[in-house]
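There are 2 protein chains.
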Amino acid sequence: MSKKVPNRILLTEDQIPKQWYNVRADMKEQPDPYINPGTMKPAVAEDFYPIFAEELCRQEFTMERYVDIPEEVLEYYKLYRPSPVIRAYNLERLLDTPAKIYYKYEGSNTSGSHKLNSAVPQVYYNKKQGIARITTETGAGQWGTALSMACAYFDMPLRIYMVKVSYEQKPYRKEVMHTYGADVFPSPSDTTNIGRAILAKDPGNTGSLGTAISEAVEMAVSTPNTRYSLGSVLNQVLLHQSIIGMEAKTQLEMVDEYPDYVIGCSGGGSNLGGLMSAFMQDKLTGKANAHFIAVEPSACPSFTRGVYAYDFCDVGHITPLAKMYTLGSSFIPTSIHAGGLRYHGMSPILSKLYHDGILDEARAVGQKDVFDAAVLFAKHESILPAPESAHAIKAAIDVALECKERGEAKTILFGLTGNGYFDLAAYASYNSGSMENYAPTDEDIEKGISEIIKVPGL
Amino acid sequence: MSKKVPNRILLTEDQIPKQWYNVRADMKEQPDPYINPGTMKPAVAEDFYPIFAEELCRQEFTMERYVDIPEEVLEYYKLYRPSPVIRAYNLERLLDTPAKIYYKYEGSNTSGSHKLNSAVPQVYYNKKQGIARITTETGAGQWGTALSMACAYFDMPLRIYMVKVSYEQKPYRKEVMHTYGADVFPSPSDTTNIGRAILAKDPGNTGSLGTAISEAVEMAVSTPNTRYSLGSVLNQVLLHQSIIGMEAKTQLEMVDEYPDYVIGCSGGGSNLGGLMSAFMQDKLTGKANAHFIAVEPSACPSFTRGVYAYDFCDVGHITPLAKMYTLGSSFIPTSIHAGGLRYHGMSPILSKLYHDGILDEARAVGQKDVFDAAVLFAKHESILPAPESAHAIKAAIDVALECKERGEAKTILFGLTGNGYFDLAAYASYNSGSMENYAPTDEDIEKGISEIIKVPGL
Chain Y
1034 MSKKVPNRIL LTEDQIPKQW YNVRADMKEQ PDPYINPGTM KPAVAEDFYP IFAEELCRQE
1094 FTMERYVDIP EEVLEYYKLY RPSPVIRAYN LERLLDTPAK IYYKYEGSNT SGSHKLNSAV
1154 PQVYYNKKQG IARITTETGA GQWGTALSMA CAYFDMPLRI YMVKVSYEQK PYRKEVMHTY
1214 GADVFPSPSD TTNIGRAILA KDPGNTGSLG TAISEAVEMA VSTPNTRYSL GSVLNQVLLH
1274 QSIIGMEAKT QLEMVDEYPD YVIGCSGGGS NLGGLMSAFM QDKLTGKANA HFIAVEPSAC
1334 PSFTRGVYAY DFCDVGHITP LAKMYTLGSS FIPTSIHAGG LRYHGMSPIL SKLYHDGILD
1394 EARAVGQKDV FDAAVLFAKH ESILPAPESA HAIKAAIDVA LECKERGEAK TILFGLTGNG
1454 YFDLAAYASY NSGSMENYAP TDEDIEKGIS EIIKVPGL
Chain A
1034 MSKKVPNRIL LTEDQIPKQW YNVRADMKEQ PDPYINPGTM KPAVAEDFYP IFAEELCRQE
1094 FTMERYVDIP EEVLEYYKLY RPSPVIRAYN LERLLDTPAK IYYKYEGSNT SGSHKLNSAV
1154 PQVYYNKKQG IARITTETGA GQWGTALSMA CAYFDMPLRI YMVKVSYEQK PYRKEVMHTY
1214 GADVFPSPSD TTNIGRAILA KDPGNTGSLG TAISEAVEMA VSTPNTRYSL GSVLNQVLLH
1274 QSIIGMEAKT QLEMVDEYPD YVIGCSGGGS NLGGLMSAFM QDKLTGKANA HFIAVEPSAC
1334 PSFTRGVYAY DFCDVGHITP LAKMYTLGSS FIPTSIHAGG LRYHGMSPIL SKLYHDGILD
1394 EARAVGQKDV FDAAVLFAKH ESILPAPESA HAIKAAIDVA LECKERGEAK TILFGLTGNG
1454 YFDLAAYASY NSGSMENYAP TDEDIEKGIS EIIKVPGL
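Residue numbers (my numbering), protein chains in the order written: chain Y, 1034 to 1491; chain A, 1034 to 1491.
In case anyone wonders, no lab produced these hints; they're calculated from the structure.
Check the hints yourself; a few may be wrong.
Given that identical chains are not distinguished, each listed pair holds provided it fits within a single copy or across any two copies.
Lysine to any residue pairs mimicking SDA-like chemistry, simulated, CA-CA at most 25 Å apart [as the list claims (entries may be wrong)]: (1) Lys1437 with Arg1126; (2) Lys1437 with Asn1322; (3) Lys1487 with Leu1107; (4) Lys1111 with Thr1444.
Kindly produce the complete structure, drawing on both the sequences and the hints.
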């Protein structure tokens, strides 16, 4: 069998993009502005200075199309980038589909995911500004691991609030962060007002991403020369993650391909936002017209069952309000195993693009179906995927089978955001046969949405 | 700062070697032959037919210099190879050494190590012969994981005997093998005569690699159409692993380098044997003269404190005898965290080369010192190393500092065999400050050696 396209399409380090791409520069309709909860007025960059390093605040609001990647950040990127685009020949054969399936694999660095792409610049800009310490939260642990690696490299102290249920169930994930020098606290903790208040009411509270965010932000704004860092949702994160899609576009061009479908899992949007970037630019500027699919867990269906409204990003309501698809900040998703996708809201950029029909489609998939796809993929493509990434695998398989039905040799690109080394308790649950698909009831969904605080005039 | 050499030196898939290199073809003095324990005569390939697939038996004895890699094996190699050679710029800066440090990284596939390089051909040849099932043992779990991945790919049933203490302490490692479809039994088990005998004498026995080998071999030879598979020690394994060194040599040539030092950790010899191959060929044929260093744990010092003698490869004494550096098959190393290096013996090829002074040097390093090196490396080079691999890091750092002392800009190549994702209990022990260096007493060593069965006439 002669193959024109290699299994792994590689770039050299001089092909790492030197600039990030800001998709907002090409959006004709802009996302609605953040609202400062103190004034209930649209926020400006300076409003975020107590929370984030100043350059990151500037990036949150910039309308520049391209932002230079600092040399120091590029030096770190070169330790693990460019990441490969891989042709899933075995999966294609197995599905007997005429579709061509490619995936961009971000899981071969120690953080195990794409999160390092934003962790490195975030730590760099804080270091450059002379910030003494960073705080953050982590749920599944991928973001905390990535940030602890970047902090070790730039010699920056880090405090991580880890959702308590993950802290207790994933001792090894915590140990990676310790090894890279981070302090890790289970959230809710007794180190913040918000944590103490929650524990006073409910001592057995096992935490949530929204609570951990509140604790990390409170600690940052109430401690001298300390800033907070967030691994998803924000415009700055999508900016940094644009490197994924820019590399992938170059890699597909090298084999004369352009994706008909771009598929990514979406929790807060960091991966899908990054993967789609360069292809979305083509769509926004009329150069090409890929079909974009966001894949979310049916257990936390922000796009498919949420509302497009202003909401807080955290449980404690101390962050700015963002206009986004949301299930309500009081919505606590069931503890599905794709912890990285358990977030009530969604990137404002992705939300706007979806609302306007430019991000074409969102699909919610069940946990059991996702693991079926994950194990099939592992056995035939060799990589054990993270449960988050497996959402995209599931959708890619479905699309490839739809192509087969229609006899169409379409080109599919999906994001394999990470590996599943730290998710083996979830695989154990799947292997034991006890895993089921799950979706919240209409009452659960309605309750979360009804508790969204209505902001007058918005 | 201008850099001529990139951080990561990459090859494309058409640069994967098409043949393995057999170092025995260039050894003027051959290793002493295996001894068939039934006849106490030198073994021939046919003696191994009940244990291994026939083509693997042939490879165990072949004197051909090159062996073609089957197309089907190359197809799998392309899923994760070629592996990168990485220049450790940050480590060099940190040590302020004039030495140049390169490492060949084999840890970015899901098995987490180089073991896949031999697992794939071993399963392939068994499948081709129509073998119905494979048995194996695993200690740290890297070999079992690699073999389960290869078995999933070639649709071959697999039974793994996992050293009981690892089975209980590493539930996640076991779960990876389950996910790829393997059956995993704790060893000693009640499924074999040897296991039952051990449990009858000592019900709380937590197992050893030597016991697990005995169980897996017994199961293979006593079950119809079943064969055994071993991930280290054997000539066939070093043959398959030669791909590591062949790639590395090409990669260094691309940046006009040749190693003055080649450094690898050595448990059974699979990694060092593979990494050194192409450079050892140059030494054996007078073309170049790298200095080779085997690094072993001071807790299991086969090279540095063992004897060069005929010994069994297993506790149950059902395998052939091999002439090798050994601590005696009854030697049970303390449960140091580099489980992959806890083996009483050593590859007969490496043993012979070391005995003849061609493999220049062996160093034993303490566990605490190894983890000091591992964490330093992780923080500055970003990759979290497997404890086994960290033995080579420790030695590479020492050599780089020796170069600094002497003001020599030597080129160092070491093997980073794997990542540490499944060794976080060990990192936790290190992080807690409770880890210490350890070496057996002279009495421990003498006891093991004194129990080696003396074979008359050998």
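Task: Violations among the numbered hints - done: When the structure is compared with the hints, only number 3 turns out to be violated.
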